[in-house]
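Colleague: Here is what each chain is made of, one letter per residue.
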Amino acid sequence: MRGHHPAANQAAPPESAYLSEGLKVSVESPLHRAARRFFRNRPATISLIVLATMALAALAAPLIQRYPPDMIDLDNISAPPTWEHWLGTDMLGRDVWSRVIHGGRVSLSLGLVAALATATIGTFFGLLAGFLRGIVDTLIMRLVDVLMTIPGILVLLILVMYLGPGLGKLLIILPAMGWMGTCRMMRGQVLSVREVDYVLAARCLGFPTWRIIVRQILPNAFAPILVGITMSVGSIILSEAGLSFLGLGVQPPTPSWGNMLQAATVLHVLQEMLWLWLPPGILIVVTVLCVNFLGDGLRDAIDPRMVL
Amino acid sequence: MGRYFLRRLLIYIPVGLLVTLLVFTLADLAPGDPADWLYSPELNMTYEEIQAIKESMGLNQSPVVRYVQWLRQTAQGNLGYRMKNGDPVGPLIATRLKRTLVLGGVATAFGIIVGLGLGIYTALHQYSWFDHLSGVLAFLGISMPAFFVGVLGLYIFGLKLQWFPIGGITTPGGDPDDLRDFLYHLILPAALLSSNHVAGYFRYMRMSMLEVLHADYLTTARAKGMRERIVILRHALRNALLPVVTVIGASIPGLFGGAVFIETIFSWPGMGMLFIDGVNARDYPLIMGVTLVMTSVILLANLLTDIAYSLVDPRIRLETRSN
Chain C
1 MRGHHPAANQ AAPPESAYLS EGLKVSVESP LHRAARRFFR NRPATISLIV
51 LATMALAALA APLIQRYPPD MIDLDNISAP PTWEHWLGTD MLGRDVWSRV
101 IHGGRVSLSL GLVAALATAT IGTFFGLLAG FLRGIVDTLI MRLVDVLMTI
151 PGILVLLILV MYLGPGLGKL LIILPAMGWM GTCRMMRGQV LSVREVDYVL
201 AARCLGFPTW RIIVRQILPN AFAPILVGIT MSVGSIILSE AGLSFLGLGV
251 QPPTPSWGNM LQAATVLHVL QEMLWLWLPP GILIVVTVLC VNFLGDGLRD
301 AIDPRMVL
Chain Z
1001 MGRYFLRRLL IYIPVGLLVT LLVFTLADLA PGDPADWLYS PELNMTYEEI
1051 QAIKESMGLN QSPVVRYVQW LRQTAQGNLG YRMKNGDPVG PLIATRLKRT
1101 LVLGGVATAF GIIVGLGLGI YTALHQYSWF DHLSGVLAFL GISMPAFFVG
1151 VLGLYIFGLK LQWFPIGGIT TPGGDPDDLR DFLYHLILPA ALLSSNHVAG
1201 YFRYMRMSML EVLHADYLTT ARAKGMRERI VILRHALRNA LLPVVTVIGA
1251 SIPGLFGGAV FIETIFSWPG MGMLFIDGVN ARDYPLIMGV TLVMTSVILL
1301 ANLLTDIAYS LVDPRIRLET RSN
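If you read the sequences in order, they're chains C and Z. Counting along the first sequence from 1, when you hit position 228 you're at 228 in this note's numbering, and nothing is skipped either side. Just add 1000 to the spot in the second sequence (first one is 1) and you have this note's numbering.
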């Protein structure tokens, strides 16, 4: 499109221009338009490529690993990076490169699954609060206020203390503490559309509430939910890493970026063995950076009110 | 002003009560008996005495009554005793809270000075190389979690360049009341703790300032022949600061969250480290005490933010009055 029309960069010609050209009306589908707008955003596109590469590496971890992640090489203990061990080995002689890609598997999949769970819980409570209003609304929103007042890491640590650490527990704890943002957003969405004509029309036609939710509310809230999921992938990866860094998240020997970074809490490792903590740390930052760019890009691309 | 303050207070009271309810529920779920918390194990009481106390405390009562009892104890400053050694939790928290408030306060001040300063400067010099550089650094600052910033900062400034000490609040063996030594130990962790906030404040300030700079009343002010400095400082900045005030207030919980990591990395014996100690030792009274105090501080900070906002923006006050 860009190649054919030199003017296309500035503004799309008004629809009447197409009409006068002999009724060649081609309406761009919303998905197509969103994709076009998304790929015009360079940081978002690069982030998508980086994240896709990392996801691919995580998926293919057993194929691109050079050694099993828990194999102990007694000849190379605490060895700096060499051709044999690209990122060196840790104090037990395990290959850091293999552990980094396997750790990525843990961190990324946890981020994705927990973010989906977060969005589901948040959407559910948001819909509940928005539709039932009254006492239910007050209770839910006050709970949201309280949970957002207490620093998240404190509540996470308290829950870990009661339930115990571990990957499976994190899958419950992290969504349980991360749904408030989605809930607020969803409630706002419901309140803003519930008096809109098409919802009123649906109600006049006697449609049950669940049908209005599924057919009218949810499709309209798709964009913010998608952006919300993306952003919470980032915050969940950070929470996991933070808990694991304190030794209360994913437990060794299962590698995760957070518990690999924990090595840096030992002063001589921090000073002498850069290869142990720098790669997982950089990967955490790059992932979160890319997820944030991706979220920004998605929001700009999907929101029809944004003019790009 | 008084009415506005009262209205805000009325919003925070139920939130504060809900927080205490949450803490109480968690405490009630914890193994052991609240009687074990509220009376120091060092008193060496007999079984009968403890039973009598439980009776007098109403532990055979319904949860509602017990909640009120607990609330009364807490309001009187009795946060219970540590399970580890029977030390009272209240005074311990008081010492630790001071250190965390110093750390957090300096970090916030640093964030405000650097973040707002940079934001104003780059907004006035939009699209300069400095603007671009700051933008990239700010995005990095926002995406860097406190634990990685802390580790990286400790490595670069503490271990490699050796500009700052690597931990603690004073030099071991030195005079513990030496203020200069204390400040020397404070600078690095406070600066690292503020990195997230510098970046956040900067982005907000720049955006807010850019929005204001296009306003018509600035053109009017210039047309009246006002000096550029007055136009920027008095007309633009005052309005641009409004939304930033709320952002600063909203970032306080995050500050405490970051303090947990920074204090752990720099062995800064404040609330964050105390909390981690409590979690590792499963010292329930300690954990509940810390949670309660930290949340109260945050609620107080929120209230102060609201007041500050109403002070800089008269519209908020007037709106309340007209309602």
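Hint data in this document are derived by calculation from the structure and do not stem from the laboratory. We put the CB at the ideal spot given by N, CA and C, even for glycine. Heads up, some of the hints might be wrong.
So the derived label-pair ranges between C-beta atoms look like this [claimed, not checked]: (1) C:Ile-77 to Z:Gly-1090: 58 to 64 Å; (2) C:Leu-226 to Z:Gln-1061: 32 to 38 Å; (3) C:Val-113 to Z:Pro-1314: 25 to 31 Å; (4) Z:Leu-1183 to C:Gly-164: 23 to 29 Å.
Beyond 12 Å from chain C on every Cβ pair, some chain Z residues (computed) [what the hints assert, rightly or not]: (5) Tyr-1012; (6) Leu-1092; (7) Lys-1098; (8) Leu-1140; (9) Ser-1143; (10) Phe-1147; (11) Gly-1173; (12) Pro-1243; (13) Ile-1276; (14) Thr-1295; (15) Leu-1299.
Colleague: Each hint: holds or not?
Modeller: A quick look at each hint next to the structure:
Taking the beta carbon of each, C:Ile-77 and Z:Gly-1090 are about 48 Å apart, not inside 58 to 64 Å as hinted. Distance hint check for C:Leu-226 and Z:Gln-1061: the Cβ-Cβ separation is about 50 Å, which falls outside the suggested range of 32 to 38 Å. Hint check: C:Val-113 to Z:Pro-1314, Cβ distance near 49 Å, so the stated range 25 to 31 Å is violated. The supplied range of 23 to 29 Å is broken by Z:Leu-1183 and C:Gly-164, whose beta-carbon atoms lie about 41 Å from each other.
With a closest Cβ-Cβ approach of about 9 Å to chain C, Z:Tyr-1012 is found to fall inside the 12 Å limit, against its non-interface label. Residue placement check: Z:Leu-1092 keeps its beta carbon more than 12 Å from all beta carbons of chain C (closest about 17 Å). No beta-carbon of chain C is positioned within 12 Å of the beta-carbon of Z:Lys-1098; the least distance is around 18 Å. Annotated as non-interface, Z:Leu-1140 brings its C-beta within 12 Å of a C-beta of chain C; the closest such distance is 7 Å.
A beta-carbon of chain C comes within 12 Å of the beta-carbon of Z:Ser-1143; the shortest separation is about 4 Å. Against chain C, the non-interface label of Z:Phe-1147 is violated: not every CB pair exceeds 12 Å, the least being about 5 Å. Distance to chain C confirms Z:Gly-1173 as a non-interface residue, since its nearest Cβ pair spans about 19 Å, more than 12 Å. Every C-beta of chain C lies more than 12 Å from that of Z:Pro-1243, the closest at about 19 Å, which supports listing it as non-interface.
Annotated as non-interface, Z:Ile-1276 brings its C-beta within 12 Å of a C-beta of chain C; the closest such distance is 6 Å. Remark: the non-interface label on Z:Thr-1295 conflicts with the geometry, its nearest Cβ contact in chain C lying 5 Å away (cut-off 12 Å). Z:Leu-1299, annotated as away from the interface, has a beta carbon of chain C within 12 Å; the closest lies near 6 Å.
Of the numbered hints given earlier, the model fails hints 1, 2, 3, 4, 5, 8, 9, 10, 13, 14, 15; all others are met.
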